[in-house]
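If you read the sequences in order, they're chains A and B.
So that you can map any letter, position 243 of the first sequence is 242 in numbering that gives the first Met the number 0, and since no number is skipped, the others follow by simple counting.
So that you can map any letter, position 56 of the second sequence is 55 in numbering that gives the first Met the number 0, and since no number is skipped, the others follow by simple counting.
For the record, the hints were derived by calculation from the structure and aren't laboratory data.
Errors might be hidden in some of the hints.
Derived CB-CB ranges, DEER-like [said to hold, decoys possible]:
#1 B/D137 - A/H121: 46 to 52 Å
#2 A/S307 - B/D119: 46 to 52 Å
#3 A/K58 - B/K59: 32 to 38 Å
#4 B/P116 - A/M194: 33 to 39 Å
#5 A/K58 - B/L35: 31 to 37 Å
Once the Cα atoms are required to be at most 25 Å apart in a straight line, the calculated SDA-like pairs of lysine to any residue come out as [claimed, not checked]:
#6 A/K128 - B/H135
#7 A/K178 - A/R380
#8 B/K59 - A/K128
#9 B/K97 - B/F50
#10 A/K154 - A/E197
#11 B/K97 - B/H135
#12 A/K128 - B/H88
#13 B/K34 - A/E238
#14 B/K34 - B/H135
#15 B/K98 - B/G66
#16 B/K97 - B/K34
#17 A/K260 - A/N280
#18 A/K128 - B/V124
#19 A/K128 - B/K34
#20 B/K97 - A/D295
#21 A/K128 - B/E90
All residues carry an ideal CB built from backbone N, CA and C; glycine is no exception.
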Amino acid sequence: MPTFGLVDCNNFYASCERVFQPSLIGRPIVVLSNNDGCVVARSQEAKALGIVMGVPLFKIRDIVELHDVVVRSSNYALYGDLSERVMSILAASAPQHEVYSIDECFLDLDRLPVKDLTGWCHALRRRTKRWTGIPVSIGLGATKTLSKIANKLAKTSAKADGVIDLANHPEWIVAALGKTPVGDVWGIGRRWSAMLNERGITSALELRNAQDGWVRQRMGIVGLRTVHELRGIPCHELETQPSPKKTTCCSRTFGHAIADKDQVRNAIISFAERTAEKIRNSGQVCGSMQVFITTDPFDTSAPQHSASASTTFMTPTADSRALVAAAIGILERFWRDGFSWRKAGVMLLDLSPAGDIQPTLFTNHVASNGLMQAVDRINDRFGRGTIGLGLSAKDAEWRMRQEQLSPHYTTRWQDIPRVRMSEQVPSGAEA
Amino acid sequence: MLSFANPPSTLALVVYSSRVPAGFPSPADDHIEGKLDLNQHLIRHPAATFFARAAGESMKDAGIFDGDLLVVDRSITAQPADIVIAVLHGELTVKRLKKPNGTWVLTAENPIFPDIPINDPGCEVWGVVTHSIRQHCDR
């Protein structure tokens, strides 16, 4: 019998912040988006205060002060490192696994030779928590979609203690689906959710019982697959070999709107450099590039505009010089004065493995990536942005605001935690 | 600075075997064993191993000095006499774990500090210190 497991880290970013700062345990924590704009993650305590996902920090200033909420900039170096550790423990425990996101991992538990799967999951939870400090919940089901639902319930049910197995307890499925709002089902987005609600389908159970023909007509084959998965028929297999990325993007919302062309140009240059570094890192080259800029959609007093354009490379490349030159060229093509830009980005498309380049008749430069390798190594060793093309300004205004950043505890020597040897016993410690 | 969290140690062998140019093969070729890898020596459970910096003087008798680099393994179950990182009042501290009369206590290697019972609220073992590394020359 197919058995899928979904392991999901509980409030992952907030949990990461706590590993090296145990004083944050029990306190409400919010983690902000790049640029310290909006809330992208919350601890359980912050959720209980009614702080919603995506709310801009300035809108919750009062709650933050009143409840002494801990505010952190996102520390992706720390989250990435702890994620890798969690995933490596999961990978070593299950026959097959698929890293689904920074904090989620599917497991294939079909051939796991254990009788008591629930007990096995509890042991895996304990191990992950002890080894990394990160608490996880585990849901099991006959399909990926059911394992997602089991996981969500495992998080909220006190009795479950973090593990629910719907695969070996089919008698629980009806109750589980009945409790799950249709919008929480994996693959059901906001539009489908609204459409289904309008037609009286509000729970996962009602969706499961919908007629195939009707589902097929309204939601296509993708929607039908979801319904079949709810019925326990696997339509999504474990993707153990992640398909290599086809696109990569680097974009930022600026700290404040920027009208100055040089500054936008600097931002674009630096995004192009960053994307170039990303694809070199994954051994890829890109065939085309898109650049975009937009004004602030929330600022109704200012004129609105957004521009985007792309270019294609005759020979696919990952060379920062070529990519930066292309990005500048694109910006020149669509730049318009008189607007205050709030967001910009560079996207690389048509990514392919670097080894597959077809030389063209007209290529005159032999791909020399020695220089780029040297650049990457220097930045690897001494920190991002140590060396780059002499075009982007280091202290530009658009650069990421990260005023509440915690140390990079696991990825920088100067940031590793300091542990005291108890010169000062805090008062009351003797009691 | 020791950069043993990075992968170069695994590159050592490749560099060796690909360096032999046309001409006389090295007589050592058949005896290459790879290089000694500090990672391998210091880290048994990579997913559970963290580094920390010791601060203060009170663990001198345990051989840990101010500024030492500590290798901490969270996967090991702490036993009496282990040196551990413990959470105390929300802070990470270094202590010796003991079990004198059947109860677990955290002690500093310095008699002026009182023992702290491990069942105190907010007190728990964070990880076991497996190695401490001291720098003797800084140039």
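Unsatisfied constraints (hint numbers, rising)
2, 3, 4, 5, 6, 7, 8, 10, 11, 13, 15, 16, 17, 19 and 20
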